[in-house]
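Undergrad: I would like the entire structure built from these sequences, with the hints used as guidance.
Protein sequences, first through last, are from chains V and C. Convert by adding 565 to the 1-based position in the first sequence; the result is the number in my numbering. Convert by adding 565 to the 1-based position in the second sequence; the result is the number in my numbering.
None of these hints come from the bench; they were simulated from the model. Hints may contain errors.
A pair counts as met if it fits within one copy or between any two copies, since identical chains are not told apart.
[Stated by the list, open to error] Straight-line Cα separation of at most 20 Å, SDA-like style, residue types lysine to any residue; simulated pairs:
no., residue 1, residue 2
1, K812, D707
2, K722, M646
3, K812, D701
4, K717, V816
5, K777, V693
6, K710, I814
7, K722, R753
8, K710, H721
9, K799, F644
10, K717, S737
11, K799, L704
12, K812, E793
13, K812, P706
14, K710, R810
15, K812, T711
16, K710, I741
17, K722, Q732
18, K804, D701
19, K710, G807
20, K710, T736
21, K812, W705
22, K722, Q778
23, K804, W705
Read off the chains here:
Number of protein chains: 2
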Amino acid sequence: SIMDTQKKQGRSKFLEFPFVSAPHKNLMLDLVSTVEDRFESHLLPCSLPPDVQYYKSKNGTSQVSLHIRPSNTDSPIDFVMGSWVHAELPTGGSLDITSLSAYLNSSNDAPNFVFELIRSSPTMLILVLDLPPRKDLVLWPDYLKTFYEDTKLDTHKQALEKIPEVQPYITSSLFIRSVASPTAIFVRIQTENDEGERIDEIIKNHIDPVSKQVLGIWLDHCACAEREVGEEDKAYLIKRDGVIRNKTIEVDLGSSFPRLFGPEAAKQILEAIKEYFTV
Amino acid sequence: SIMDTQKKQGRSKFLEFPFVSAPHKNLMLDLVSTVEDRFESHLLPCSLPPDVQYYKSKNGTSQVSLHIRPSNTDSPIDFVMGSWVHAELPTGGSLDITSLSAYLNSSNDAPNFVFELIRSSPTMLILVLDLPPRKDLVLWPDYLKTFYEDTKLDTHKQALEKIPEVQPYITSSLFIRSVASPTAIFVRIQTENDEGERIDEIIKNHIDPVSKQVLGIWLDHCACAEREVGEEDKAYLIKRDGVIRNKTIEVDLGSSFPRLFGPEAAKQILEAIKEYFTV
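TA: Encoded structure:
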């Protein structure tokens, strides 16, 4: 059918990652397939409208591919979202963002998974890699112990911080800082004036293994954790997840998409995403 | 009476700050007097036992002065705590810690105030300066806006980060990271091999004004804020404050005091502090 063909086209466009370097693309494909392989029986196909799955701005300078796979009701996963954005910059360079995130539903209170690479020039890369907590870590020290201390998540943050080109990246949004876990990796990597070889080397030798290890922790200790969530906890999760998802769209996508794709297209894309972000 | 004399001795010992440099001591005295002047009519004298107000280890290598002033019941302040620690290091150098913190009671849900300077050598200083939130900032975005965004707290963090010798200080305790606000200043200042002149210059020209401005924000917008705290909110604050205070003693003082003063004296000091830290 036409719909099946469109779905296949959206998916293959997403998996193209057409504008990023080979190590960057390989990492994205490995992360996507690791999540999909583990939860294949749970995940439904992406059913976003075709012009949301792939959109190119009228003047042709910006493109976005979005791939959201919701899960069946028996799954701890609520949905998995992958994306890439490519934008030609007025300065002559280009901006490339690729992301993969996975949100659990309220039958499991474990942290979510968030991964994003932002390459704003051959010599500048921002990495966001975190398992954002779904409960207040101050009020629930056991939650902190189980998901962050016992899993030794901080060792991966420390490993990346040892690389000389790696600097902390401090987002201007205080809300995003508040949502982050204490082991969140928010780093900016700036290298000497080369053609991007050094950043690709850092992606291949450091970001690639660290990201896969953190995703492994998420899959084994969070997504597949056997958690008992009572009715009161569930109500709390639904409320807190709701705030995070709404604010994430508003602060993150809501601020950049209108600039990249114009207000109308941005609105259409964000409305389509919001359906999945509603708790 | 003997007790009055002992109280006066404890207080004057505290205000001596006998081992730190002039700009460091001046800053501590200014911060203490700013808080005390504003809340003089609320604050009761320190009534810690004399050997907790000032303690010197048997071998004479470590000294601590503690000054806790509880507040009368009409005050938004629960208590104000100041301290200094001096320890001679086996390496020949010395370690000096000075701190001032102020805790609000549950009639006011505004952030607390925390300030600490740790000088582990003439060329190495750690600064902790924060208004730690007393509510989960993810669930209460209005609280984030009122106390952190509207007060422009982040500008002070940014000002310090511009100084070339200033680096982020990442504590190994994930709990302390979780308690910190998104505008928390945790920095390590390491300078070239001089006699400490450069760090004293940074204290005088940068840390001094920034600390006073942040304390001013705390006094005007937190301690003196007119907040309506309902019964449910109050129960939440009591629970969350309780976890923070218990864990702070355990993680922060509980790990360093036994090493500096021996297990027995450390236990006596910590027991005396715990009385005030009980919510």
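Undergrad: Now, for every hint given, state plainly whether the structure supports it.
TA: Hint by hint, here is what the structure shows:
In the homo-oligomer, the alpha carbons of K812 and D707 lie at most 20 Å apart only across protomers (12 Å), although the nearest pairing inside one protomer, at 26 Å, exceeds that limit. Taking identical chains as interchangeable, the C-alpha atoms of K722 and M646 are never at most 20 Å apart, the minima being 23 Å within one chain and 34 Å between chains. In this assembly of identical chains, the alpha carbons of K812 and D701 lie at most 20 Å apart whether taken from the same copy (17 Å) or from different copies (15 Å). Proximity of K717 to V816 under the C-alpha cut-off of 20 Å is restricted to the inter-copy arrangement: shortest distance 18 Å between copies versus 30 Å within a copy.
Proximity of K777 to V693 under the C-alpha cut-off of 20 Å is restricted to the intra-copy arrangement: shortest distance 13 Å within a copy versus 34 Å between copies. Only between protomers do K710 and I814 lie at most 20 Å apart by alpha-carbon distance; the minimum there is 18 Å, versus 29 Å within a single protomer. Taking CA atoms no more than 20 Å apart as the test, K722 paired with R753 passes in both settings, with 13 Å inside one copy and 18 Å between copies. In the homo-oligomer, the alpha carbons of K710 and H721 lie at most 20 Å apart inside one protomer (16 Å), although the nearest pairing across protomers, at 32 Å, exceeds that limit.
Proximity of K799 and F644 under a CA criterion of 20 Å is satisfied intra-copy only: 18 Å inside one chain copy versus 36 Å between copies. Only between protomers do K717 and S737 lie at most 20 Å apart by alpha-carbon distance; the minimum there is 12 Å, versus 28 Å within a single protomer. Proximity of K799 and L704 under a CA criterion of 20 Å is satisfied in both settings, with 16 Å inside one chain copy and 14 Å between copies. Taking identical chains as interchangeable, the C-alpha atoms of K812 and E793 are never at most 20 Å apart, the minima being 27 Å within one chain and 25 Å between chains.
In the homo-oligomer, the alpha carbons of K812 and P706 lie at most 20 Å apart only across protomers (9 Å), although the nearest pairing inside one protomer, at 25 Å, exceeds that limit. Only between protomers do K710 and R810 lie at most 20 Å apart by alpha-carbon distance; the minimum there is 18 Å, versus 25 Å within a single protomer. Within a single copy, K812 and T711 get their C-alpha atoms only as close as 26 Å, which misses the 20 Å cut-off; across copies the closest is 17 Å, which meets it. Taking identical chains as interchangeable, the C-alpha atoms of K710 and I741 lie at most 20 Å apart only when they sit on different chains, with a minimum of 13 Å there against 22 Å within one chain.
Taking the shortest alpha-carbon separations for K722 and Q732, both the intra-copy value of 12 Å and the inter-copy value of 16 Å come in at or below 20 Å. Proximity of K804 to D701 under the C-alpha cut-off of 20 Å is found in both arrangements, the shortest distances being 12 Å within a copy and 12 Å between copies. Taking identical chains as interchangeable, the C-alpha atoms of K710 and G807 lie at most 20 Å apart only when they sit on different chains, with a minimum of 18 Å there against 24 Å within one chain. For the identical chains of this complex, K710 and T736 are inter-copy neighbours only, at 16 Å across copies versus 26 Å inside a copy, given an alpha-carbon limit of 20 Å.
Within a single copy, K812 and W705 get their C-alpha atoms only as close as 23 Å, which misses the 20 Å cut-off; across copies the closest is 12 Å, which meets it. When the C-alpha separation of K722 and Q778 is checked against a cutoff of 20 Å, the pair qualifies only within one copy, where the shortest distance is 11 Å, while the shortest distance between copies is 32 Å. Taking the shortest alpha-carbon separations for K804 and W705, both the intra-copy value of 17 Å and the inter-copy value of 11 Å come in at or below 20 Å.
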